[in-house]
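Using the sequences provided together with the hints, build the complete structure.
Going left to right, the sequence shown walks through residues 261 to 673 as our numbering numbers them.
It is worth saying that the hints were derived from the structure and are not from the lab. Every value quoted in this text rests on a predicted model; they were computed, and no experiment measured them. Keep in mind that a hint or two might mislead.
[As the list claims (entries may be wrong)] List of simulated lysine-lysine pairs, DSBU-like, C-alpha gap at most 30 Å:
(1) 405 x 388
(2) 663 x 642
(3) 364 x 478
(4) 364 x 388
(5) 627 x 642
[Said to hold, decoys possible] DEER-style ranges, computed between Cβ atoms:
(6) 481 x 645: 25 to 35 Å
(7) 372 x 277: 14 to 24 Å
(8) 478 x 322: 32 to 42 Å
(9) 419 x 372: 19 to 29 Å
(10) 526 x 276: 46 to 56 Å
Glycine is no exception: its CB is placed at the ideal position from the N, C-alpha and C atoms.
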Amino acid sequence: MFAYIGRQAIYNTVFNVAGYELLYRRNDQGGAPKDEMDGDEMTKSVLLDAANVFGISTLTNGLPAYINFTRNLIMDDFAYLFDPREIVVEVPGDIFVNDSLVGKLSSLQRSGYRLSLNSYNAFNGRIKFDNIINSFDVIRLDISKNNKLQIRDLLQRLRYSRSQFLAERVETESDFELVQSLKFTLFQGYYFERPDCVSKQVSVTETPYGKLLSEMMKPYPNFEMCCRIVADNPVLSHMFLRRTLKAGYNRENVPAEIKRGMTLLGLEGLRRWTCVEFLKQVNTTNSDELPRKAYMRGRFVERLVQHAYTDLTADQGFYVGIVSLLDQVTGVPMETLLDELKLSPMLDSALRGTSKNAYASFLEYAKSYETGAARSPSPDVKLRLNDRQVSTLYMQCIAETDKAFAETDDNNA
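Printed below as a string of structure tokens:
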């Protein structure tokens, strides 16, 4: 599969690159529609891939990476996971400003983080930001939304600011001549270059969630290894601990806190959280429909195994169901995925179609039920349920899927 990040250069007055803005990209065609993925998730996705797949300094050639942070992420201290020499924290112009936010911005500044204010304009300036304008190292003005007189007025208002002024949406030579005459020192826009899309091919097991899922898929997951995989990744650690210890955790002893969180969550809770986050991370489609369907199928196969006369392992049935749709979720051929995941022989052969074993029979029954073409179970699927009970079980799996995705959405909010 491929990881993608958008990147657009920021130039200084002598046409040298002074930094890069990093942008969310779901694929090489662009990002997700705004109503399908919120800002928290997009920023986390950018930082997860930037830090773990590409390397932030590699993406920016050692220059600052400008990254948009939502109010939730600022209040949650998410920026502290990253080296202040590598990133610039971009604050949205439409953010809600109160004393709590001002305190967080001041703390970031004292800790050496640079702050950029996005889309400063005549409407949000005096109302929200003028009293704290010196908190920002960079102030962005969108010249496409302001005429020359408005831009002059804004710069006059900011004449005592210590900030650098960045002109964005510079698209023509006349735009550039204008902002040069107005003493801007940083520039970004199509006049210089359009955003490019950086991609890298990675194995699903090389992603942070993929590593954790690979361990979880083993018949006997190693608890210490699961803790180590999470602890070794700052973003994953933060997201996991926010999920499990919402009341707060001791940042000075993260490995011990991760063990505590995993103990509280339990194996079933850890499996549910890992699978949902993994499916979200590797999803290359334009919605979460397929990740939900994969999770739902996994739950259905698992529950069928639990209610059957069989010695199969229910959690392995869960993974069979999920992986059966993973090629569609990731856009990676099933053969390649199975080579990477290294499942048990029975699961592997069931998914490759090389053996009509009991897991394959349960999977085929689940598939036929999804299409409304449910038939009598094969000889290998001996359920302790009648048709009505199977229908009830299926509806329960839908509800469980909705709950699992809602829990991760709430955690990211």
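Hint by hint, here is what the structure shows:
Distance restraint check for residue 405 and residue 388: the Cα-Cα separation of roughly 19 Å lies within the 30 Å cut-off, and the hinted pair is therefore satisfied. Restraint check for residue 663 and residue 642: the C-alpha separation of about 29 Å stays at or below 30 Å, so the hint holds. A threshold of 30 Å between alpha carbons decides the hint, and for residue 364 with residue 478 the separation of about 42 Å lies outside it, so the pair is violated. This hinted pair checks out: residue 364 and residue 388 have alpha carbons roughly 15 Å apart, not beyond 30 Å.
The hinted pair formed by residue 627 and residue 642 meets the criterion: a straight-line CA distance of about 16 Å does not exceed 30 Å. Hint check: residue 481 to residue 645, Cβ distance near 29 Å, so the stated range 25 to 35 Å holds. In this structure the hint that residue 372 and residue 277 lie 14 to 24 Å apart at CB holds, the actual value being about 22 Å. Taking 32 to 42 Å as the suggested C-beta distance range, the pair residue 478 and residue 322 conforms, at roughly 39 Å.
Between residue 419 and residue 372 the Cβ separation comes to about 27 Å, which falls inside the hinted range of 19 to 29 Å. At roughly 54 Å, the beta carbons of residue 526 and residue 276 sit within the given window of 46 to 56 Å.
Checked against the numbered hints listed earlier, the structure breaks hint 3 alone; every other hint is satisfied.
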